[in-house]
Amino acid sequence: MVADVNDAQPSARIMDFHEDIWADEDESKSFPAVRPLLAHYTSLQNLESISRGAELWLSHPFMMNDHQELAWALSEGMRLVTSDPRFGVILPPKAYQEFLGLLKAIREFDSVSDDLDTYIACFSRHEAGDTDGVLSMWRAYGGNGGGAAIVFNTARISDQLTAPLIIAPVDYLTTKVRLQWIEQLIDKMFDSMKRMPVGVEDAASYAWNFYNRLRMFSLFTKHEGFREENEWRVVYDPKRKEGKALDQCMGYAVTAKGIEPKFKLPMNGSIDPSIDLDYLVDQVLLGPTAGTQVAMFAASRMLSLLGKPRMSRLVAASATPLKPC
Numbered sequence: 139m140v141a142d143v144n145d146a147q148p149s150a151r152i153m154d155f156h157e158d159i160w161a162d163e164d165e166s167k168s169f170p171a172v173r174p175l176l177a178h179y180t181s182l183q184n185l186e187s188i189s190r191g192a193e194l195w196l197s198h199p200f201m202m203n204d205h206q207e208l209a210w211a212l213s214e215g216m217r218l219v220t221s222d223p224r225f226g227v228i229l230p231p232k233a234y235q236e237f238l239g240l241l242k243a244i245r246e247f248d249s250v251s252d253d254l255d256t257y258i259a260c261f262s263r264h265e266a267g268d269t270d271g272v273l274s275m276w277r278a279y280g281g282n283g284g285g286a287a288i289v290f291n292t293a294r295i296s297d298q299l300t301a302p303l304i305i306a307p308v309d310y311l312t313t314k315v316r317l318q319w320i321e322q323l324i325d326k327m328f329d330s331m332k333r334m335p336v337g338v339e340d341a342a343s344y345a346w347n348f349y350n351r352l353r354m355f356s357l358f359t360k361h362e363g364f365r366e367e368n369e370w371r372v373v374y375d376p377k378r379k380e381g382k383a384l385d386q387c388m389g390y391a392v393t394a395k396g397i398e399p400k401f402k403l404p405m406n407g408s409i410d411p412s413i414d415l416d417y418l419v420d421q422v423l424l425g426p427t428a429g430t431q432v433a434m435f436a437a438s439r440m441l442s443l444l445g446k447p448r449m450s451r452l453v454a455a456s457a458t459p460l461k462p463c
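Mapping of the sequence shown onto our numbering: residues 139 to 463, in sequence order.
Just to be clear, a hint being listed does not mean it is correct.
[Stated by the list, open to error] Dumping the calculated EDC-like pairs for lysine to aspartate or glutamate here, alpha-carbon to alpha-carbon at most 16 Å:
1. K167 <-> E339
2. K377 <-> D255
3. K332 <-> D154
4. K326 <-> D222
[Stated by the list, open to error] Just the calculated beta-carbon pair ranges, DEER-fashion:
5. M334 <-> A391: 44 to 52 Å
6. S221 <-> D297: 40 to 48 Å
7. K232 <-> Q322: 23 to 31 Å
8. P170 <-> A394: 34 to 42 Å
9. D297 <-> K379: 15 to 23 Å
10. D385 <-> S412: 19 to 27 Å
11. E207 <-> T269: 26 to 34 Å
No lab work stands behind these hints, which were simulated from the structure alone. Note that the Cβ used here is the ideal one computed from N, Cα and C, for glycine as well.
When you get a sec, could you build the whole thing from the sequences and use the hints?
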């Protein structure tokens with residue numbers, strides 16, 4: 139585990155730096171200010187598993203299918219900051235060594251440190267009245283049209299949702315714009331450092347704050363070529379944890395990829411009364427190649443037998459014309 143120097147009381151300059159680098163975070167675009175319908179495209183097997191267990195499994199970023207896209211900004215930011223000669227000029231040798239060493243250690247232990255034990259679930263914003271879904275989402279995530287989309291109504295989620303869970307849209311940006319944002323983040327850190335001498339402790343705090351901000355930017359941005367996905371993400375961020383209410387969610391799964399960590403969010407009302415699967419679901423869409431009358435009948439029966447009577451009445455079939463590949 140990498141020690142988190144931010145557990146100590148931060149200096150005024152570090153607090154100012156923290157506020158500066160988070161100033162562009164626009165909460166007016168995220169939950170609870172915005173409460174959209176969100177569709178989770180998945181397989182029929184996963185629909186059954188989610189319904190049976192009343193759990194939503196969040197995955198580790200490094201184990202997701204689009205891991206390279208998720209890690210792109212993080213990798214580029216680390217490359218740029220560790221190769222920036224300005225920090226070697228303004229930082230005393232010991233502080234510079236601590237700064238670079240901690241950045242590299244944080245990156246190395248990112249996937250195995252409790253301090254950075256982050257998890258993600260992906261959704262697509264869904265328009266009210268849409269009974270078809272998005273063709274590209276069916277192909278990519280909905281079993282090539284043979285799966286299902288579970289549509290959640292976030293307007294039903296309590297404002298008191300536990301702090302570590304972030305519900306926010308993905309920003310779709312060009313490579314140029316993303317690089318410019320990273321360069322501006324590095325410039326802000328340099329400008330803050332150069333105002334007065336930086337000791338070893340503050341150098342470590344700068345490294346932690348920089349990495350955490352870069353990491354969150356990486357988790358909520360994608361290349362503009364993916365814009366059609368209209369993606370929202372639910373992210374568990376351990377840095378925002380208050381108490382141990384969600385520690386019970388830490389788990390694992392043995393999959394075709396091997397064994398991997400999971401965050402298993404109970405959707406039975408135990409965490410919050412509003413986080414109840416049968417209560418939150420607005421619609422259960424069967425994919426274009428799975429939505430026969432018999433399949434709809436069977437899906438409704440399945441949900442009823444699994445103790446989800448309300449969901450069983452919300453089954454519909456996408457009429458999107460799609461030929462399976």
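Would you pick out the hints that fail for this structure and give their numbers low to high? The structure breaks only hint 1.
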